[in-house]
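**Student:** Going line by line, the protein sequences match chains R and S. Reminder that position 323 of the first sequence reads as 323 in the working numbering, one-by-one numbering, no gaps. Reminder that position 354 of the second sequence reads as 354 in the working numbering, one-by-one numbering, no gaps.
To be clear, the hints were calculated from the coordinates, so they are not data collected in a lab. Among the hints, erroneous ones may be present.
Just the calculated beta-carbon pair ranges, DEER-fashion [what the hints assert, rightly or not]:
hint : chain 1 : residue 1 : chain 2 : residue 2 : range
1    : S       : Gly245    : R       : Ala329    : 38 to 46 Å
2    : S       : Gln45     : R       : Asp185    : 54 to 62 Å
3    : R       : His82     : S       : Pro455    : 52 to 60 Å
4    : R       : Leu96     : S       : Tyr230    : 34 to 42 Å
Short, incomplete list of chain R residues facing chain S, as computed with Cβ under 10 Å [said to hold, decoys possible]:
hint : residue
5    : Arg22
6    : Asn134
7    : Asp150
8    : Phe190
9    : Leu225
10   : Arg226
11   : Ile228
12   : Trp230
13   : Ser287
14   : Thr289
Small disclaimer: the values here were computed from a predicted structure and weren't measured. Ideal Cβ placement from N, Cα and C applies to all residues, glycine included.
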Amino acid sequence: MTITSDPTPRPLAPTPQVDRYRAPRPLLARDADSMYWMARYVERAEHIARLLLVHSNLLIDVGDLAPLFPNRQWQSVLRIMHLPHLPESDSPAAPLSTRIAQHMTLDEANPNSIISCLTRARENARSVREIISNEMWESLNTLYWSVRADDAPTRFDESPDDFYRSIMNGSMLFQGLTDQTLAHDQRWLFTQLAKHFERIDVTCRILETKFGLLRSAENILETALRNIHWMAVLRACCSIEAYRRNHLADIDPIRIASFIILERNFPRSIRYGVRMAHNAALEIRASITPHTPSPAERVLGRLDANLEYAETAEIVSQGLAPYLQQIQATIAEAAFALQKSYFLH
Amino acid sequence: MFDSYAAHGLFDEMFLTTGDPRPHYAPLAARLRALGPTAFNRRRQLADVTFRNQGITFTVYKDAAGVEKIFPFDLVPRIIPATEWDHIERGLTQRITALNLFCQDVYHDQRILKEKIIPPDLIYGAKMFRREMFHVNVPRNIYIHICGSDLIRDNDGSYLVLEDNGRTPSGVSYVLENRAVMKRVFPSVFGAYRVRAIEDYPHNLLQCLKYVAPNQTDDPTIAILTPGIYNSAFFEHSFLARQMGVELVEGQDLVVENNYVYMRTTAGLRRVDVLYRRVDDDYLDPLAFRSTSLLGVAGLMNIYRLGNVALVNAVGTGVADDKAVYPFVPDMIRFYLKQEPILPNVHTYICAREDDRRYVLDHLDELVVKATNESGGYGMLMGHQSSQPEREEFADKIRSDPRNFIAQPVVQLSQHPSYIDGHFEGRRIDLRPYILFGEKVVVMPGGLTRVALRPGSLVVNSSQGGGSKDTWVLEDESDQ
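Only chain R is shown next, with the shape it has when bound in the complex (with noise of 0.2 Å):
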């Protein structure tokens, strides 16, 4: 068999444009702390509108049973939010709880409230709005102008539930369309990242302080009453169904506790927030240095890891406030040690 060449000289195919290499789109260090910021000014809007919306549902239930510690439930919402008091007011006679609502609401005065966050969540939006998507923005934006409308206090006065739920849906809005028109890539990373460590710092916050004011209250409410205030607790988490689903009817707080801490598969849980967390910190770290741990990741990792296998037993005998304090400790070395290695280039 003899071999022969191919007689016809063919010419070089040129490179087709699809294979030239491309070095992949970088982020600038400014626009990831922007993406990480958004995200977590329009979840921290979405969680102050649920504390809201359930205590002000929650007071109807309970009205004057228990005459002083409603004030007491509303002033723990300031707390959750790291706010630590109510400041002057200009009509001191309004009830407290109008006065929280209007303060965590539409006040800009206050740094933490709605219309603070969502001011701040857009402002980082349009600095990087041209690597969102139009849909991202346009929801955000729309969001932003309903509470900026001159209607809005108005709207708010007639009925602040419809408020608090239509803040709440704009935010889900806005995260489903983050998820579904963005690609997945280091912009969308640091967006997961902010809002979980937003959502697991909050609901550890809620857990710790409505834990101490309702143990505190045991002597003075009947078990109706008090029932009613733990599902409040599991609704400010939005895990009333999900608990139900799994324990039933039984209102018990060590299993309220459990359940959203450890929970591993329902996507409010603390436990799902960290390890949703971990995952992002570990593919923006794998897409840059492939090889080394972030000292954010290893953070994540760790707590990652401690969660996976802890146990009801072991948060009993630490005490909640402890452990919680611990998870909120965690999340803020992770999230300084993010700043660092990548927002400060």
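Fit chain S to the given chain R structure using the hints.
**Tutor:** Same frame as chain R, now just chain S:
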């Protein structure tokens, strides 16, 4: 719809003196009449909501009512027939070519000064003349890559160039968004016309930026340098970055190292090859220009001089759009291109010249006086609408710094029906076309038609409360 519309003896874009619409406006007039005021108003509201939700805003410095405003948009488009546009396009191409040759000359051999076409002191006295650019070679010898030459129409309908903007002309994002909103809100009106597309502007701009990339690479890294979100034109910077798929950077994101300029990313430093800078020369580099600037990058001019980064537009182009140099542009066209200018200038008095200055001071109430290097309608005196104290104040300014002022007779500016408070009134308009100078000259068909919204006003700038219209250049029907 147009029953109460009056022409006021001005050149009207839409209507002839008989009251009939001009032929190219006839289908539009018919559609608007058929639509009626209520439906029209609904569309207008829909347009406003669209602009608001998409955040197509402009920041006005003078206005106390909040920082961000929607750039007022008038739904009635301005229509230019193909033959008119052909004339404009040739004139603008000629003009930008001459201006580029002028910049190249004035920063190198200075033939135009040596042959006494332009007095040297006018150039050396130009605030925007940059000695730092002497004998600096710029990529492809292109200085003005993007130019906005403002056009107006006089009483007889002829087009004149009012001024060139060769530093950082803005407004093209509104042109593109206006067209998108018109299509969304008024699709039926398009049906009666064949309007030339403008959506390829970002692509053309990107090609132009790639063309001047200095370093040997087929995939140059291009970035837009913005002063940040509080700058009045930030929307445009963000818009163009998105449309072209390039990074949007601020001074703080950039660092100069190893004879190159880099941007800070999550993965470390990435070299930048071309910087479309929307920051004025003065603020570009604290080591070369204003030392207090936080908007620029220390050391950028060094990298520029080395030829390791391209800046678009080049540093120093302000010498070409200085209002006292503007009267010499026809001379530049004759000198460099050996051609007669296709588009004429507006007659201009240069206060640095004694005769002109005396005339200006004697006729302040008839003239428009402008500072030579302001933009946005600031630093102007509308003589015929001014008070005696205002004129005296300006007279003092002229006497103390004559080089800094020019004056022009009031050009009437054409008027166009615009929707004001529920009916149509005539408002003055101008046109800012956008010309790209890369491997070839590309003139975007149309541009930004700016509307002076205040009644009787001749000042169209957005910072003075102006608005805009969509501009339609019609396809050449003779091709069919």
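**Student:** Please go over all the hints and tell whether each is borne out by the structure.
**Tutor:** Structure-based check of each hint:
| no. | hint | verdict |
| --- | --- | --- |
| 1 | S:Gly245 with R:Ala329: 38 to 46 Å | holds, 41 Å |
| 2 | S:Gln45 with R:Asp185: 54 to 62 Å | violated, 39 Å |
| 3 | R:His82 with S:Pro455: 52 to 60 Å | holds, 53 Å |
| 4 | R:Leu96 with S:Tyr230: 34 to 42 Å | holds, 38 Å |
| 5 | Arg22 | holds, 6 Å |
| 6 | Asn134 | holds, 8 Å |
| 7 | Asp150 | violated, 12 Å |
| 8 | Phe190 | holds, 9 Å |
| 9 | Leu225 | violated, 45 Å |
| 10 | Arg226 | violated, 46 Å |
| 11 | Ile228 | violated, 41 Å |
| 12 | Trp230 | violated, 41 Å |
| 13 | Ser287 | holds, 8 Å |
| 14 | Thr289 | holds, 8 Å |
Violated hints for the displayed structure, listed by number in ascending order: 2, 7, 9, 10, 11, 12.
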